[in-house]
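**Student:** Generate coordinates for the entire structure from the input sequences, incorporating the hints supplied.
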Amino acid sequence: MFQAFFVDPFIMIYDTPLFFVEVLVSGLMAGVMYSLVALGFVIIFKASGVFNLAQGAMVLFAALTFVGLWEMGVNPWLSLILSALVMIGFAFSIERIVLRPLVNQDPIIFFMATLGITYFLDGFGQTIWGGEVRSLDIGIPNEPFMDLADMTGLYINKFDVFSAVVCSFLVVILAGFFTKTKIGRALRAVADDHQAALSVGIPLKTIWTIVWSVAGIVGLAAGILWGSKLGVQFALSLIAFKALPVLILGGFTSIPGAILGGLIIGSGEKIAEVYWGEAMGGAIEDWFAYVVALIFLLFRPQGLFGEKIIERV
Amino acid sequence: MEKKIGEVLLSVDHISLAFGGVKALTDICFGIREKEVFAIIGPNGAGKTSMLNVINGFYHPQEGEITYKGIHRKQMKSHDAAVQGIARTFQNVALFKGMSTLDNIMTGRIIHMKRNLFWQSLYLGPARKEEMENREYVEDIIDFLEIQAIRRTPVGRLPYGLQKRVELGRALAMEPDLLLLDEPMAGMNIEEKQDMCRFILDVNDQYGTTIALIEHDMGVVMDISDRVVVLDYGKKLAEGSPDEIRANQDVIDAYLGVPH
Chain U
290 MFQAFFVDPF IMIYDTPLFF VEVLVSGLMA GVMYSLVALG FVIIFKASGV FNLAQGAMVL
350 FAALTFVGLW EMGVNPWLSL ILSALVMIGF AFSIERIVLR PLVNQDPIIF FMATLGITYF
410 LDGFGQTIWG GEVRSLDIGI PNEPFMDLAD MTGLYINKFD VFSAVVCSFL VVILAGFFTK
470 TKIGRALRAV ADDHQAALSV GIPLKTIWTI VWSVAGIVGL AAGILWGSKL GVQFALSLIA
530 FKALPVLILG GFTSIPGAIL GGLIIGSGEK IAEVYWGEAM GGAIEDWFAY VVALIFLLFR
590 PQGLFGEKII ERV
Chain F
45 MEKKIGEVLL SVDHISLAFG GVKALTDICF GIREKEVFAI IGPNGAGKTS MLNVINGFYH
105 PQEGEITYKG IHRKQMKSHD AAVQGIARTF QNVALFKGMS TLDNIMTGRI IHMKRNLFWQ
165 SLYLGPARKE EMENREYVED IIDFLEIQAI RRTPVGRLPY GLQKRVELGR ALAMEPDLLL
225 LDEPMAGMNI EEKQDMCRFI LDVNDQYGTT IALIEHDMGV VMDISDRVVV LDYGKKLAEG
285 SPDEIRANQD VIDAYLGVPH
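These protein sequences, in sequence, are chains U and F.
Just so you know, we're using our numbering here: the first sequence kicks off at 290 and counts up by one.
Just so you know, we're using our numbering here: the second sequence kicks off at 45 and counts up by one.
Incorrect hints may have been included.
What the hints assert, rightly or not - Restraint ranges, calculated between C-beta atoms of paired labels, are given here: (1) F:THR111 to U:SER457: 53 to 59 Å; (2) F:ARG172 to U:ARG589: 45 to 51 Å; (3) U:ASP575 to F:ARG172: 46 to 52 Å; (4) U:TYR408 to F:ASP294: 52 to 58 Å; (5) F:MET176 to U:GLY520: 23 to 29 Å; (6) U:ALA464 to F:ASN136: 31 to 37 Å.
Said to hold, decoys possible - Below, simulated DMTMM-like cross-link-like pairs (lysine to aspartate or glutamate); rule was C-alpha separation at most 25 Å, straight line: (7) F:LYS121 to U:ASP395; (8) U:LYS335 to F:GLU51; (9) U:LYS494 to F:GLU51; (10) F:LYS113 to F:GLU175; (11) F:LYS158 to U:ASP395; (12) U:LYS494 to F:ASP124; (13) U:LYS335 to F:GLU174.
FYI, nobody ran anything at the bench for these hints, they're computed from the structure.
For clarity, every value in this text was computed on a predicted model and none was experimentally measured.
Ideal Cβ positions, reconstructed from N, Cα and C, are used throughout, including at glycine.
**Tutor:** The following block contains the structure:
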């Protein structure tokens, strides 16, 4: 028992370092995909203090729209732009129909509203585009770089690298968007207190429309990448739950946190599965992330980069 | 000391506000003149806070007209109100609790920061310069309110009296023409009240800001206001100088009750 948990895995790592690197890299790449989903949550949480349950449904809806348009014979680039526009239109309607009447309500009310949005969006998307699984091939082969493999013996997947690049690109843009200057401050203000934010002249409606649009576009990116991995299907809306441990680790309000959280969860999961999986009966990949999150909640509930929790009694 | 009280800055005419069947305000008229300290008093539930909410656009009255800086309108919009120089504080302190004192006050500068998203996101060039200029303005306010020591403290941790002061700072950072204060001294001890009085008078004096305040401490109200309006059950009971109000029989009845 002791041997299987504390000795064998390390001997294995030591014996085949290259294999370890491979596991680590593939884990990190998977982590990037988690981060991408988590980012959508962070953006909305930052500007409303609300966990947007509908993020998963937005991922599915965006992906369905993209695939649907493409299948109708629209040029893929044009479908990409059109889907982004659809998500922006969606953000406008959410602000107008759902958020505006709820100004100054408790976060729990918003949370319940996002639950409603989830059901609506799941149904609406499948009513329009149908409920069957669609394959999505965006032309990035799901195979390793053979040159690299020949030279070093390291197998790194092209698709994984592509998604990592897309994700980094989004992160750079978002990080700029949420800087510590005016906008960042306005977002935090809106999340903290609607009425006070209005009183200093922060345009609540504009801010909400912007963040929901951005979350929708990030969702579109996540939907396309995950969709081409798993096929565009209802299960896509469930990957939202994979983002939960990432958020708990990274902190709900931090973009770097979402990235780092995703990387830690992704690589941790893979390494645990490969080296400790057998000793624990296999398939620990499925629950490992949640256990890590649970432990984190005990010791650092605000996450790695989250805002300190202050309560004055 | 003789103050220069100017023209009417904001006037409300025949304002009525109801929530369903509940009438919060009925046919209220008054004017707030430039550079004066104007007090709104009245028993609990008289509609004082509703009145402030109407002025800065949180509530939209069903009837009446609001004239601000010579422009007539049926209702204010809260964003317009802020941009056009109406700042306020709240009865129950509405600060951004997770943010530091400095960041809280900086939010008051948002309407004065014009650089676009592009520069903002790069945080350099003009945006950086703008940030610095506004930071300087905020530092002056921090000095003025004597809260240098808590500059970096998250406001959620501050005692109530200081939170109220930070909230005043945030309103001042907007460089308002009209400052609405909702019970600025509620829950304060004598010393804090004196400080707050001093700040209010100094703001009025140094910046020439017009102030409309709600306060329950009659001593304070009579001391610092130029004019007072009294509301009761959503109706205007009286308006006049502190001395006139003190002598007004309706007001005395409203506060002390009348034998039936």
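**Student:** Could you tell me which of the hints above the structure violates, numbers in ascending order?
**Tutor:** Violated hints: 2, 5, 8, 9, 10, 11; rest satisfied.
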